[in-house]
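Visitor: Whenever a hint applies, use it, and build me the whole structure from the sequences.
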Amino acid sequence: MQRFLDPALVADNVQSEPLTMAAPASSSLFMSLGNVWRLLSLRTDVDDIITELLGHFSLEKIYAESDKETYQHLVVTLLAQLNSIFLIQRWTLPSENLQVGWYLGFLASWEVTLRSVEFVLQIVSEGRESLWDAQSLRDKYLAEFLLSALRLLTLHPKAPANQRAKDRRERFARIHRSLERIYDSYPGPKSFLLLVCKEITDALRTEPNALQLPPRLRYELPNLASELVNIHQPLLAMTY
Amino acid sequence: MPQDGFSGDWLSQFLALRDVSLFVVGASVQYTVNRETRDVRLQSSSARTRNAVLHALDNLRMPSHLSKIELVSTFSETFRVILPDTPTLVRRKSTDSQRDENEMDAMDALCVRLCDRQVIHRVSDREMMHGVSEITRNIALLDDPSGQLRTARPRLYVINCGKCHLAGDSQLRYLEHLKFPVRPQHQSPDSAGQIIAQK
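Chains A and B are the protein sequences, given in the same order.
Just so it is clear: in the first sequence, position 150 is 150 by my numbering, and no numbers are missing.
Just so it is clear: in the second sequence, position 198 is 198 by my numbering, and no numbers are missing.
Hints in this document: simulated from the structure, not taken from any laboratory.
No experiment lies behind these values; they were computed from the predicted model shown.
One or more of the hints may lead you astray.
Said to hold, decoys possible - To give an idea of the interface, some chain B residues facing chain A are shown, with a C-beta separation under 8 angstroms as derived from the structure:
id: 1; residue: 11
id: 2; residue: 15
id: 3; residue: 27
id: 4; residue: 33
id: 5; residue: 67
id: 6; residue: 133
What the hints assert, rightly or not - Heads up, simulated BS3-like pairs for lysine-lysine below, C-alpha to C-alpha not over 30 angstroms straight-line:
id: 7; chain 1: B; residue 1: 68; chain 2: A; residue 2: 190
id: 8; chain 1: A; residue 1: 61; chain 2: A; residue 2: 198
id: 9; chain 1: B; residue 1: 68; chain 2: A; residue 2: 198
Note that CB positions come from ideal geometry on N, CA and C, so glycine has one too.
Guide: Now the structure itself:
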């Protein structure tokens, strides 16, 4: 085991200094992720946590918008936080051989996830004046957030009950249009990940059930409630 | 490359590979958070999966407007969180460490907020789910000790014979000539792990 995996190094208290000494940046990132994990995994109020973050952001925004750097920082923070939430959500999705009902409580709802995507796209689109020169904001943070959230939407076991494929197609089309607007209004080349995001929304607006997992991953991918650690089995072989 | 009816278009492949890399990262996080001490050779198996993923990316055919180098470097970034020796294709700029810091600050702030949050933090849910999954896993193991006959509904029978035994449903099905009386009841025993006592 390498040093940063040593359980003894995991701080007891999540609020204590998360391992900053001499550790490479990547492992500090790892520790931060671990802290979020400890607090967020298998919680039953993810929807509330997400809406609370969006609410806090909206209130902060009122004053932060006048100062470009403050506002950029605020948006980056929101995107990184949402991304970590949806990342953990991805690990929580039950595979298809599990009783979905047990896991639904730990998942953000389809609707809240979709609306947070719409909300964020609207923020970035409207904030062009203050955000245009923050390249990593859209190239990295926005792109990673979109990838995680769209993945959850694609694989979510419970789309709203009264929703037909046509409705979902329209919702994805809306997201695709917002993303296209951002493409048009922000200058310069876009990052690989952001290009991929547009490919994804483009695929989903045509076929909302596209981009499913290959069969073996669909049935055998581990889950946060069980053990992700069991990766002895060649995960990769399942992607074909 | 595609089998099992998987259409195998590049975007699905990309997302599946991304899932795999995220799960490899997740395994390390879970291992650390749960204070595991078992020797599961996580580092070496993670490194092997990483190499295989990078190799698969190399063979991935994408639309021409997307850059292969950027594709690989986004995956390397992900793997570097747990495997710092992952080679990087593009030189890391000084702004990159600034970005890492922003990200960590954001996550730490989220942690503080979650700690402050005055709602029931159901730690017990996590323990409970872990316990439940342990039990179902054990039942699945007993259902089929060979691990070859996969079933969506593992079941166990308690056989009331001289040397009272537990027998797995799949195990029994495999021995086709054995006929067991089916318990007369209206509900079919379809929940995973339901134990039926047979007299």
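Visitor: Now look at each hint and say whether the structure bears it out.
Guide: Hint-by-hint comparison with the structure:
1. 11: For residue 11/B, the interface hint holds, since the closest Cβ of chain A sits about 6 angstroms away, which is under 8 angstroms.
2. 15: This interface hint holds because 6 angstroms falls under the 8 angstroms limit.
3. 27: Holds: closest Cβ of chain A sits about 4 angstroms from residue 27/B, inside 8 angstroms.
4. 33: Given a least distance of 5 angstroms, the restraint on residue 33/B holds.
5. 67: holds, 6 angstroms
6. 133: With a minimum Cβ separation of about 4 angstroms from chain A (threshold 8 angstroms), the hint on residue 133/B holds.
7. 68/B - 190/A: Roughly 15 angstroms between the alpha carbons, so the hint for residue 68/B and residue 190/A holds.
8. 61/A - 198/A: OK: residue 61/A and residue 198/A at ~27 angstroms, within 30 angstroms.
9. 68/B - 198/A: Since the Cα atoms of residue 68/B and residue 198/A sit roughly 17 angstroms apart, the hinted pair holds (cutoff 30 angstroms).
The earlier numbered hints are all upheld by this structure, with none contradicted.
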